[in-house]
Amino acid sequence: MSAKITTLRDAVAELVHDGDTIALEGFTHLIPVAAGHEIIRQGRRDLTLVRMTPDIVYDQLIGAGCARKLVFSWGGNPGVGSLHRLRDAVENGWPHPLEIEEHSHAGMANRYAASAAGLPFAVMRGYTGTDLVKHTPTIARITCPFTGEELTAVPNLGLDVAIIHAQRADRKGNVQMWGLTGVQKEAVLGARRSLVTVEEIVDELEPMPNQVVLPSWVVTAVAEVPGGARPSYAQGYYDRDNDAYRAWDPISRDREAFTAWLKSEVLA
Amino acid sequence: MSAKITTLRDAVAELVHDGDTIALEGFTHLIPVAAGHEIIRQGRRDLTLVRMTPDIVYDQLIGAGCARKLVFSWGGNPGVGSLHRLRDAVENGWPHPLEIEEHSHAGMANRYAASAAGLPFAVMRGYTGTDLVKHTPTIARITCPFTGEELTAVPNLGLDVAIIHAQRADRKGNVQMWGLTGVQKEAVLGARRSLVTVEEIVDELEPMPNQVVLPSWVVTAVAEVPGGARPSYAQGYYDRDNDAYRAWDPISRDREAFTAWLKSEVLA
Amino acid sequence: MTDFAPDELLTIAAARELTDGTTTFVGIGPPGAAANLAQRTHAPNLVLVYESGAIGAKPDRLPLSIGDGILGETADAVVTVPEMFNYWVQPGRIDVGFLGAAQIDRYGNINTTVIGDYASPKVRLPGAGGAPEIAANCGEVIVILRQSKRAFVERVEFVTSVGHGDGSPGYRERLGLRGRGPVKIITDLGKLEVDPETREFVMTALHEGVTREQAIEATGWELRFADDVATLPLPTAEELETLRSLKA
Amino acid sequence: MTDFAPDELLTIAAARELTDGTTTFVGIGPPGAAANLAQRTHAPNLVLVYESGAIGAKPDRLPLSIGDGILGETADAVVTVPEMFNYWVQPGRIDVGFLGAAQIDRYGNINTTVIGDYASPKVRLPGAGGAPEIAANCGEVIVILRQSKRAFVERVEFVTSVGHGDGSPGYRERLGLRGRGPVKIITDLGKLEVDPETREFVMTALHEGVTREQAIEATGWELRFADDVATLPLPTAEELETLRSLKA
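Residue numbers (this note's numbering), protein chains in the order written: chain A, 1 to 268; chain B, 269 to 536; chain C, 537 to 784; chain D, 785 to 1032.
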């Protein structure tokens, strides 16, 4: 089974369903923003949104009412401040209440690794003594059968869909990304279905340093979406638009400003 | 703490002690053969030898009487046949009995991963229904605290020393290898001490596709040993000497021929 | 017609079993040669996965070992060995596992560990390698092995890789093994396939010119035959030529 | 003397705490600026490790985020995020963890999660990020934070990252935490260090021109002072210039 090369609109329509558990991953670099906006446009609801570092595109999905729950480890606008739509949902239940399931980066990274490995859980040292243990049921103790030592277990994420953005794919649907690639490989390998948006589709994938290649047969769909990671960056294509991240702060602080922004920038 | 750049002789003298648990890793590619011969020359004894694929250099270490125990997953002369010194030790106790602890590749790979991660064990699906479970005490059952599913646990390898061969290091002791790199990163990160022999020491490490870089501060010692992986290969430097692997078969079948070979080729 | 060696017959027959577009986990020896031959003939889109970490390798000659440099150089992706087993084999991403064996029994259990007593063996074999988890997790397993009473035994002396156990219904499911396990054994005499009712391997085809008596004689259990035993056509000149050019 | 902002004072003081040749886990904001400044001044062999996967980064400008492309491009090695936490942070390979905080208490416990009730919070903060495991596993932790009664509290409302717990002897050891935990807090007023006897943070130094009263006023617990309270020299023109050029 090779990846289907399709459009962003068709891919989201086919792969993302109401109620899905979905990760749009990217660790500062290569954030699949265009795909997030397409999900808003198609009006998906009751999504469980998973991401280590939900940033402004998750703030937008939450503000637009797509999410029922957020599974995450650090929810902020990096270098700027809070995610105000996230806060408004958590603190005031607007546009509706948002359940949260909160981990550390190490815990989320291990949950992605367990998901990619087809295991129900992963083992790590972590969380001991923190208050996260009291509020997050997906943290458990586990005993080493050889030494008796107590460690921490975190479960598989149970992802229905993973969406990532990569620099390139070839015409067969093999995907190539390079630079800082976070947990994107784990997200795709750990999900039942996957969509990769790419800057461009090329005839041949020239090897790059620190590349990660996902063969076509582990990807469900590929869509060419130039600029699909803006305002984050795509190494070799464009830089991070730091002004856009700063500009998000005043828009997101105010429900009306946000609603107007959504109408003019995403839904129009 | 940076890696010390030293000679093979001094590094082995300092880092490898009688009774150590030691891995000389390499998966067909980049096998640290010269380092193995130096261990034989220095007359180390009672070693627990660890390797996924013990090949002719482990056959030589075992025949030379360096080993008390072998921890492995596939012990053969790839494409040729048996390791006759290993078989003579296991079947006939020559030159002295060899204890074996036997795993699958997946199990050994996970033991290396647990070692690199500083965990007492790793979780996997494996071994279920096999007779390995009856003979290998380092295979245990473990229950998922979230789903109740039964899985398999394998322990940390407890490595005192890891030795690998790489293509290059820079003058600070940063190590670079590329091509198929097996479990070598895990071996170095999982051991208390490590030695990397390299084809050459260069001023600057030019990035290579599929490279693995080990920063100087996780390596104990680096020694320049050109050809140190022969008769295996070092991508970009020399090819595998398949004739040497075939030639090993008749030498290793016979204790006298082996002893003569050891005297003339290693100890001389 | 060209002469050919038993291993060539075996390899060519095995290559024919591979469907284009599937992913195949490839070991050394005949399985590797068969997979490379298939890629060069009827299955150009066969994805070759090697335990050394090469995914989608397209070697232009037969790799000399599963860690041959040509694999990494021609692969779509290169991964570490822990990643190969954890992210690729374990979740069942590979359609077909291609295995050899020292011994196999009527239920497809495989021994590559030891002949005789484990503690003081008659013959110490190389051991498990990747086979136990390939046999457990790949979609299905094809075994390639020359047929003889020594190799085809009533019960393997050591279960290195699980086939269908004692043949009882649901044996693999009870162990939580996800793949279908061994489904075919390709030999120099013909082909055995697992009977879905009894989980016993029965001879479903013979190479042209091979008799039932030869097969019975080369099998350590009371060999059964399918109702219709097919005849496998001999290697074609093109197949032989391609196989030999791979090894050159 | 040049004028400087409180964050500049803080950053420069923190940079001075980093010893050349050590490995430092770097977050965003003042900790990142401090580590980059140290590398550019007295600690050229400081190894900067970023949770985004860059090991040994040598950025020639201040990274705009922990995932800035400049980090990967200048790093000795780039690894995935799971590898970073499992192979590098978890086994305690990093000497110094450099953390910020929203709240910190007298025993160095850190809150970056929530102010008020968890279920219906007054302020929802960004959350844990890499901090809990950095605080648990790095050799030691240095916290960088502007000093105020809001931030320096008697008891944090949520323990995101464990310091010295309730201050009882062996608190960290009982939890199996391997690193020494928070040892210093660098503030815009001076420096607090952990008292090895009581595990309470005491003021051991003040920036030039800062009074004890200012420090007491900006601390939510009954602040103790060391027997000898040192005076930290003000930022030099060179330090300020280097810091500002980094941000340019």
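These are calculated hints, taken from the structure and not from any lab test. None of these values were measured; they are calculated from a predicted model. Where is the CB? At the ideal position from N, CA and C, for every residue including glycine. Possibly wrong hints are sitting among the right ones.
To be verified - Here are the simulated lysine-lysine pairs, PhoX-like style, with alpha carbons at most 20 Å apart:
(1) B:Lys272 with B:Lys440
(2) A:Lys69 with A:Lys134
(3) D:Lys906 with A:Lys134
(4) C:Lys594 with C:Lys783
(5) B:Lys440 with D:Lys842
(6) B:Lys402 with B:Lys337
(7) A:Lys172 with C:Lys594
(8) D:Lys842 with D:Lys1031
(9) C:Lys685 with B:Lys402
(10) C:Lys720 with C:Lys685
(11) A:Lys4 with A:Lys172
(12) C:Lys658 with C:Lys685
What the hints assert, rightly or not - What the simulated footprint calls covered on chain A by chain C, stretch by stretch (three residues with Cβ under 8 Å from a Cβ of chain C suffice, anywhere in the stretch; the number is not a length):
(13) 214-228
(14) 249-258
Said to hold, decoys possible - For the chain D half of the interface with chain A, some residues (derived, Cβ under 7 Å), not all of them:
(15) Ser836
(16) Gly856
(17) Val862
(18) Tyr902
(19) Gly913
For each hint, the structure was consulted:
A hinted pair counts as satisfied when its Cα atoms are at most 20 Å apart, and Lys272 (chain B) with Lys440 (chain B) qualifies at roughly 8 Å. With a CA separation close to 18 Å, the supplied pair Lys69 (chain A) and Lys134 (chain A) stays within the 20 Å bound. With a C-alpha separation of about 19 Å, the suggested pairing of Lys906 (chain D) with Lys134 (chain A) holds against the 20 Å cut-off. Between Lys594 (chain C) and Lys783 (chain C) the CA atoms are separated by roughly 15 Å; this keeps the pair inside 20 Å, and the hint holds.
Between Lys440 (chain B) and Lys842 (chain D) the alpha-carbon distance is near 15 Å, which keeps this suggested pair within the 20 Å criterion. For the proposed pair Lys402 (chain B) and Lys337 (chain B), the alpha carbon gap of about 18 Å is at most 20 Å, so the pair holds. Under the criterion of a C-alpha separation no larger than 20 Å, the hint pairing Lys172 (chain A) with Lys594 (chain C) is consistent with the structure, at around 15 Å. Only pairs whose Cα atoms come within 20 Å are accepted, and Lys842 (chain D) paired with Lys1031 (chain D) is accepted, the gap being roughly 15 Å.
Only pairs whose Cα atoms come within 20 Å are accepted, and Lys685 (chain C) paired with Lys402 (chain B) is rejected, the gap being roughly 27 Å. For the suggested pair Lys720 (chain C) and Lys685 (chain C), the alpha carbons sit about 18 Å apart, so the restraint of at most 20 Å is met. As the CA atoms of Lys4 (chain A) and Lys172 (chain A) are separated by approximately 8 Å, the hinted pair is consistent with the 20 Å bound. A hinted pair counts as satisfied when its Cα atoms are at most 20 Å apart, and Lys658 (chain C) with Lys685 (chain C) qualifies at roughly 17 Å.
Counting residues of the segment 214-228 of chain A whose beta carbon lies closer than 8 Å to any beta carbon of chain C gives 4, which meets the minimum of three for the stated coverage. Under a criterion of three residues with beta carbons nearer than 8 Å to beta carbons of chain C, the stated coverage of the segment 249-258 of chain A fails, only 0 such residues being counted. About 5 Å separates the beta-carbon of Ser836 (chain D) from the nearest beta-carbon of chain A, less than 7 Å, and the hint is met. With a least beta-carbon distance of about 5 Å to chain A, the hint placing Gly856 (chain D) at the interface is held under the 7 Å criterion.
At about 5 Å, the closest approach between the beta carbon of Val862 (chain D) and any beta carbon in chain A falls short of 7 Å, and the interface hint on this residue holds. For Tyr902 (chain D), the suggested interface contact is upheld, since its CB lies about 5 Å from the closest CB of chain A, less than 7 Å. For Gly913 (chain D), the interface hint holds, the least distance from its beta-carbon to any beta-carbon of chain A being 4 Å, beneath 7 Å.
In terms of the numbered hints stated before, the structure departs from hints 9 and 14, listed from lowest to highest.
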